[in-house]
Amino acid sequence: MSSRENILAAIKGIAVEQKALPEIPDFGVQGELTETFIQSILGNKGEVLSKVEFESWLPKAGFSKIVSLSFHFPEASTLTLPEDPHELEDLGLAILDGQFGVAENGAIWLEDDNLGLRALPFITEHLVIVLDRKNLVETMHQGYNRIADAVSGFGVFIAGPSKTADIEQSLVIGAHGAKSLRVVLV
Amino acid sequence: MSHPENAAEFLKDQAKSKWHDETLWFVRDKRDRISKTIPEWEELRNLASGIKDNVLANLGSYLEDFERNAQKNGIQVHWAKDGEEHNQIVLDILQKQNCNAIVKSKSILTEECHLNPFLEKHGVDVVDTDLGERIVQLLHQPPSHIVLPAIHLKKGEISALFHEKLLTEKGNEDPAYLTQAARLHLREKFLKAKVALTGVNFGVAETGEFVVCTNEGNADMGVHLADVHIASMGIEKIIPRRKDLGVFLRLLARSATGQPVTNYNSHFRSPSPGKELHIILVDNGRTAQLAREKFKNSLKCIRCGACMNTCPIYRRSGGFSYDSTVPGPIGSILSPGLDMKKHSTLPFASTLCGSCSDVCPVKINIHEQLFEWRQEITKTHGEMGKGLSMKLANGIFKSPLAYKISGNLMRAALKALPDSLIYHPINAWGKGRNLPETPKESFQQWYQKNRS
Amino acid sequence: MKSDSPHIALFIPCYVDQFYPSVGIASLELLEKLGCKVTFPLGQTCCGQPLANAGYKRDTVGTTKHFIELFKDFDYVVAPSGSCVLHVKEHSPVIPGLEKEQAELHHKVFELTEFITDILKIEKLDGRFPHRVGFHSSCHGQRGLRLSSSSELNQTPFNKARRLLENLEGLEWVELNRTDECCGFGGTFAVTEEALSIQMGKDRLDDHLQHHTEILTGGDMSCIMHLQGIATRNKQPLKFLHIAEILNQAIS
Chain B
1 MSSRENILAA
11 IKGIAVEQKA
21 LPEIPDFGVQ
31 GELTETFIQS
41 ILGNKGEVLS
51 KVEFESWLPK
61 AGFSKIVSLS
71 FHFPEASTLT
81 LPEDPHELED
91 LGLAILDGQF
101 GVAENGAIWL
111 EDDNLGLRAL
121 PFITEHLVIV
131 LDRKNLVETM
141 HQGYNRIADA
151 VSGFGVFIAG
161 PSKTADIEQS
171 LVIGAHGAKS
181 LRVVLV
Chain F
187 MSHPENAAEF
197 LKDQAKSKWH
207 DETLWFVRDK
217 RDRISKTIPE
227 WEELRNLASG
237 IKDNVLANLG
247 SYLEDFERNA
257 QKNGIQVHWA
267 KDGEEHNQIV
277 LDILQKQNCN
287 AIVKSKSILT
297 EECHLNPFLE
307 KHGVDVVDTD
317 LGERIVQLLH
327 QPPSHIVLPA
337 IHLKKGEISA
347 LFHEKLLTEK
357 GNEDPAYLTQ
367 AARLHLREKF
377 LKAKVALTGV
387 NFGVAETGEF
397 VVCTNEGNAD
407 MGVHLADVHI
417 ASMGIEKIIP
427 RRKDLGVFLR
437 LLARSATGQP
447 VTNYNSHFRS
457 PSPGKELHII
467 LVDNGRTAQL
477 AREKFKNSLK
487 CIRCGACMNT
497 CPIYRRSGGF
507 SYDSTVPGPI
517 GSILSPGLDM
527 KKHSTLPFAS
537 TLCGSCSDVC
547 PVKINIHEQL
557 FEWRQEITKT
567 HGEMGKGLSM
577 KLANGIFKSP
587 LAYKISGNLM
597 RAALKALPDS
607 LIYHPINAWG
617 KGRNLPETPK
627 ESFQQWYQKN
637 RS
Chain R
639 MKSDSPHIAL
649 FIPCYVDQFY
659 PSVGIASLEL
669 LEKLGCKVTF
679 PLGQTCCGQP
689 LANAGYKRDT
699 VGTTKHFIEL
709 FKDFDYVVAP
719 SGSCVLHVKE
729 HSPVIPGLEK
739 EQAELHHKVF
749 ELTEFITDIL
759 KIEKLDGRFP
769 HRVGFHSSCH
779 GQRGLRLSSS
789 SELNQTPFNK
799 ARRLLENLEG
809 LEWVELNRTD
819 ECCGFGGTFA
829 VTEEALSIQM
839 GKDRLDDHLQ
849 HHTEILTGGD
859 MSCIMHLQGI
869 ATRNKQPLKF
879 LHIAEILNQA
889 IS
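Residue numbers (our numbering), protein chains in the order written: chain B, 1 to 186; chain F, 187 to 638; chain R, 639 to 890.
Treat the hints with care, as some may be off.
To be verified - As a list, the in silico PhoX-like pairs of lysine-lysine whose alpha-carbon atoms are at most 25 Å apart:
| hint | chain 1 | residue 1 | chain 2 | residue 2 |
| --- | --- | --- | --- | --- |
| 1 | B | Lys65 | F | Lys204 |
| 2 | R | Lys746 | R | Lys703 |
| 3 | R | Lys703 | F | Lys626 |
| 4 | F | Lys267 | B | Lys12 |
| 5 | R | Lys873 | F | Lys204 |
| 6 | R | Lys727 | F | Lys549 |
| 7 | R | Lys746 | F | Lys617 |
Said to hold, decoys possible - So the derived label-pair ranges between C-beta atoms look like this:
| hint | chain 1 | residue 1 | chain 2 | residue 2 | range |
| --- | --- | --- | --- | --- | --- |
| 8 | B | Gln18 | R | Gly808 | 57 to 63 Å |
| 9 | B | Leu81 | F | Lys480 | 52 to 58 Å |
| 10 | R | Val829 | B | Gly28 | 34 to 40 Å |
| 11 | R | Pro875 | F | Lys198 | 24 to 30 Å |
None of these hints come from the bench; they were simulated from the model.
Please read all numbers here as calculations on a predicted model, not as lab measurements.
Ideal placement from N, C-alpha and C gives every residue a C-beta, glycine not left out.
Bound-form chain B, shown alone (with noise of 0.2 Å):
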């Protein structure tokens, strides 16, 4: 037998009393969604902008690789996708759009649509996700509910930038993916 036999079959040979899958209620959030959002974002050490402010960010920052994939923002990109993301590695700033937000932690999601390539919103030295605020749902209930039966090779929560602490405990941003998350709410 195989080892896929094997296994099947060890578990087979197991009685486990029956229980009924339970059903999951739809919990939400207290509190007003777009400020809960914020504050989530701002607890995972990332920044929340208007469009305005981020306008007036972007030239400042003075980036000089930026990809941009976000439908708000399509001129700020100073150069194409690659088709292999290697070339990326010392991409300055990512700009991409966010398919909707999640309130009780800050959590954004994103699937291969939004990303071109899989590895743009981790190998970029800095993120910005555009946001929709009409695109906030309050727990991650109502977030896989929104997701639902959607099909992508690939999708992520993005909740902040990356982080790490694993030295003492001593909380350092910018481990090996973005040194920085803004959030930008449109």
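Got chain B; can you put chains F and R on it based on the hints?
Only chains F and R this time, still in chain B's reference frame:
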């Protein structure tokens, strides 16, 4: 060495042990505070536990669903009955790619399978990319905690290590500086890697996708730059529905580190065009544990590490004192199932205080299983002396007269014996503690005089 | 005392009987003052907990049978120990032939403070105890019998012992850094893991000393015995009393 010996050793460095206790207490305290901001917290724990109950009752069919859906999405599914087979599958994939290097993100399962030494023996350069894991790897140590792998180290030790291995400034202990040095060192590894391996936090039966959670982004850096992604998944990591992720992701990071969610929660459903995605479903003792009625619930574990942070023993004895891939309370109920002889002292490394069970996001009755493992272990590995004295005690306690005589004798003896004998170092009670003062009569004697 | 009032059996743990008769006396007097008809059934031994926790539950059949036979005919069984009560209810082996009596017994065994608050329904005790009191929440009472809320759980905070103590005139309740951390006694753990046990006890004592506890109390004399043993050895200025002793003194 047994747990008591290892613990006593760890406690010798009082300052470090105290720091270890306080640091992990801080993490637990953060977890306590954030869990209290969620009014439905206890309901979420019930739901998570209920979902996992259903998984354990239908594990076979969920695994088959998962496999079918994953294959439909272009994922190559492998099955491994044990660590050895798992390691061989990884090596075969590497050899097929003509590749002798691999980058890994955190996977306790691969620690359990001892993948690193196996691959290294076959000439593969293995790089752990989680910062904590990279630190312990450079020290040739296993992780001492499943979520905080290097929690047993002080920044001075890490600074010295990085000075030697990564040529950082001597004596620079700034965590930001050391992290930046690791970032540069590992980025080079990520950019060169052809094959990347990750663990799996959750596998979804209905979609065939799996989820990997990190804060550092190292899993994603590895797999999206490599041509081949291998995911190692214990068969108990399966959950039925995508919407179940809502429950588990709300619990996982809050329980683990007291943060609302990990910063990267990646859902892998199919490989990028032109790339390969493999998943290895590993048993390695899990079906055996499922067959143990009293212990099967330990398979509900989502590896958050909360029971370690809360455990007053773990905090003061350190992860290595358990000498087990998964240390702490959950390790003490998982490991005896893998090797009862080796891990026979672990279920006794507890006061049965129950904090682990109350903190567990999937409500595993950890302390009750510790009690049950004790009953099993004494059947086959009971020390003779212990068994004998206990039997004797049973003889005394079931007979009131015998109890009375021995009690009177004991009190009389304690009164008569010199302190030097009672507090002799071989007497473990008296080494660091005084005995209570001996009263002139027992309560029973008082009662008979005053109430009968 | 009404003649038809329920008949309560006092269950005194073996080490309390032998080492702390004053705790047995205080428990008895306290219940009597609260109007209870109390008997101490003679011939009590040990509930079997030390054996069961050491992995020899199967060897406690004799003691358990003895326990059931001794206590089965009372209306309630009350003990000044959460740990022994928890053992009787959850960890004693099922005794063939006495299943019914055993199951009934499990519903009428109570730890002293929960008996006062939940069965006697006493909301507050009138009395005076002008001291600064630090409470050690013993794990088996707290997380086993749920005598107080756990810091791990998201629940409305409560503490049955505190409810009784707090109303005593002059009593100052000590707030600790870690309200419900284990003291490290743990039965045989105290000797098999001696180094850890002592360290845990020291850490608990430090918390009390930092917060100027004058009298350290609790519902389980085993934890107190361990803590007192360490404090005495290290000449730390703390007094130790079982909660029954405080309540009994306060309302006299």
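How the hints compare with the structure:
no. : hint                              : result
1   : Lys65/B <-> Lys204/F              : violated, 48 Å
2   : Lys746/R <-> Lys703/R             : holds, 16 Å
3   : Lys703/R <-> Lys626/F             : violated, 30 Å
4   : Lys267/F <-> Lys12/B              : holds, 15 Å
5   : Lys873/R <-> Lys204/F             : holds, 22 Å
6   : Lys727/R <-> Lys549/F             : holds, 21 Å
7   : Lys746/R <-> Lys617/F             : violated, 39 Å
8   : Gln18/B <-> Gly808/R: 57 to 63 Å  : holds, 58 Å
9   : Leu81/B <-> Lys480/F: 52 to 58 Å  : holds, 55 Å
10  : Val829/R <-> Gly28/B: 34 to 40 Å  : violated, 52 Å
11  : Pro875/R <-> Lys198/F: 24 to 30 Å : holds, 28 Å
Hints 1, 3, 7 and 10 from the list above are not met by this structure, while the remaining hints are.
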